[in-house]
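> What follows is each chain in one-letter form.
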Amino acid sequence: MDADITLHVDGAPRPVTVDTRTTLLDALRERLGVTSPKKGCDHGQCGACTVLLDGRRVLSCLTLAVTQDGHEVTTADGLARNGDLHPVQQAFLDHDGFQCGYCTPGQVCSAVGVLDELDAGWASAVTPEGAEPRLEHDEVAERMSGNLCRCGAYVGIVRAVTAAGEAR
Amino acid sequence: MRPFTYQVPGDAVDAVRSVSADPGAAYLGGGTNLVDHLKLGVAEPGLLVDVTALTSAEISDDGGGLRIGAAVRNSDLAADRRVRERYPVLAQALLSGASGQLRNMATTGGNPLQRTRCVYFQDVTTPCNKREPGTGCSAIGGATRGHAVLGASEHCIATHPSDMAVAMAMLDARVHVLGVDGERTVPFVDLHRLPGDRPDQDTVLGHGELVTAIDLPPSPIARRSRYRKVRDRASYAFALVSVAAALDVADGVVRDARIAFGGVAHRPWRAWRAEETLRGATADADSYRAAAQAELADARPQDGIDGGNAFKIPLLTRTLVAVLRELAVEEV
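Quick mapping for you: the protein sequence lines, in order, are chains A and B. Under this note's numbering, the letters of the first sequence match residues 13 to 180, in that order. Under this note's numbering, the letters of the second sequence match residues 375 to 706, in that order.
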């Protein structure tokens with residue numbers, strides 16, 4: 013079954029005809045040529061496909077494209093403005109937040125979501141009961157746990173996310 | 375993946391009519407489990423009815439309790455101030471489950487209806503009574519580390535994977551369900567079934583019945599409540615065992631308790647016997663241990679090629695004791 017939809021990808025309307033079975037990840041990569049979100053496990057276990065959907069971090073591999081007609085998708089590629097890297101992207105460079113780079117676009121999108129969630133005062137599983145969450149190692153590690161890195165760049169990733177948060 | 379028709383009906387009544395009329399139809403919520411099942415071939419619906427915009431995405435005050443619309447995302451539910459103050463166990467359970475990305479997708483109505491993560495259920499090349507009734511259970515005698523020790527049957531030893539559901543069972547939540555014949559309400563503790571000889575049926579809901587909201591009743595005891603999850607890694611893993619508990623202690627004596635277990639049965643396991651054992655008992659570790667032992671008297675661990683799951687009985691006992699001790703200390 014085909015469906016005509018328009019995804020708003022990194023600020024631009026992108027009309028596309030998709031089979032209803034197509035995931036948002038495959039629509040972006042295979043149909044629209046937007047290859048910044050990566051296919052890791054394709055089962056919602058690794059986070060490499062993370063994008064921001066209407067501003068919230070989600071897994072594009074478990075999202076059917078047909079359900080997102082008219083919605084705003086922001087990939088890591090779309091975070092840069094006028095050639096300037098997003099502060100989270102720059103922090104990953106400054107703090108060695110990656111090695112091979114395959115998981116990085118997902119890490120970056122997830123990190124932007126994490127910092128927004130912290131700004132909104134959302135607690136995490138490691139936030140002490142009744143306390144406001146703080147930008148610190150354990151909070152960042154817990155909140156980024158849905159993004160795996162086979163190079164094991166976690167030390168740099170936590171540092172990068174924390175630094176980007178502190179600079180806000 | 376089998377081709378399917380995608381439909382967004384005008385309202386929930388239309389959605390219920392569509393799915394009820396078609397045995398091959400399924401509801402689509404956040405999709406975090408179902409979309410994976412479509413890929414794996416575990417689910418092969420011919421019609422997907424998207425209900426994410428058809429039920430309420432609001433959390434409203436309801437006579438001291440809360441009414442949670444089925445479309446409320448897990449992350450929004452965990453972040454709600456009223457939930458955090460009145461039902462901390464629920465916020466903690468939600469936040470201990472999945473990842474930030476998945477919590478932004480998963481819904482209140484869909485979370486309790488997610489299916490077991492038994493590897494044999496998810497592997498369509500192996501026999502499984504839950505996926506294909508009558509084919510047998512590959513888990514029995516297989517890898518059983520994640521499987522049930524309470525209420526299992528010779529047909530299925532799967533566990534229910536939800537953390538949220540364990541807290542909901544402890545909180546005596548009520549589930550609003552819409553069917554072709556109208557609305558009904560199901561106590562959350564009765565929503566999920568034990569496997570018996572029909573492990574293909576996870577819940578008491580009929581085909582086409584739609585969860586529209588979940589109510590949390592007023593619960594003074596829940597203001598001091600806790601969820602503790604034990605798993606193989608520190609984050610982003612399913613529970614080996616988990617405990618949801620609330621405790622009311624006065625003058626060193628337990629006045630009341632609410633307890634539910636996760637990771638040990640085909641459904642969230644409300645620990646009625648443990649609660650009964652605790653009422654009137656001295657608030658100390660011996661009583662807590664006795665409560666765990668009373669609840670686990672009928673527990674039957676599974677042997678397995680991975681060493682089995684007998685470890686769950688002492689692990690759950692110690693976890694319950696630890697949680698109750700923490701809750702009692704805070705009372706003083």
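By construction, these hints were calculated from the structure, which means they are not laboratory data. Wrong hints could be hidden among the right ones.
Claimed, not checked - To be clear about the criterion: a stretch of chain A counts as covered by chain B if any three or more of its residues have a C-beta under 8 Å from a C-beta of chain B, and this derived list gives those stretches:
#1 76–84
#2 97–111
What the hints assert, rightly or not - Derived lysine to aspartate or glutamate pairs resembling EDC-like cross-links, with alpha carbons at most 16 Å apart:
#3 B:Lys413 x A:Asp54
#4 B:Lys413 x A:Asp66
#5 B:Lys413 x B:Asp546
For clarity, every value in this text was computed on a predicted model and none was experimentally measured. Idealized CB from N, CA, C, for every residue including glycine.
> Now look at each hint and say whether the structure bears it out.
Now the hints, each set against the structure:
no.	hint	in the structure
1	76–84	holds (count 3)
2	97–111	violated (count 0)
3	B:Lys413 x A:Asp54	holds, 9 Å
4	B:Lys413 x A:Asp66	violated, 25 Å
5	B:Lys413 x B:Asp546	violated, 35 Å
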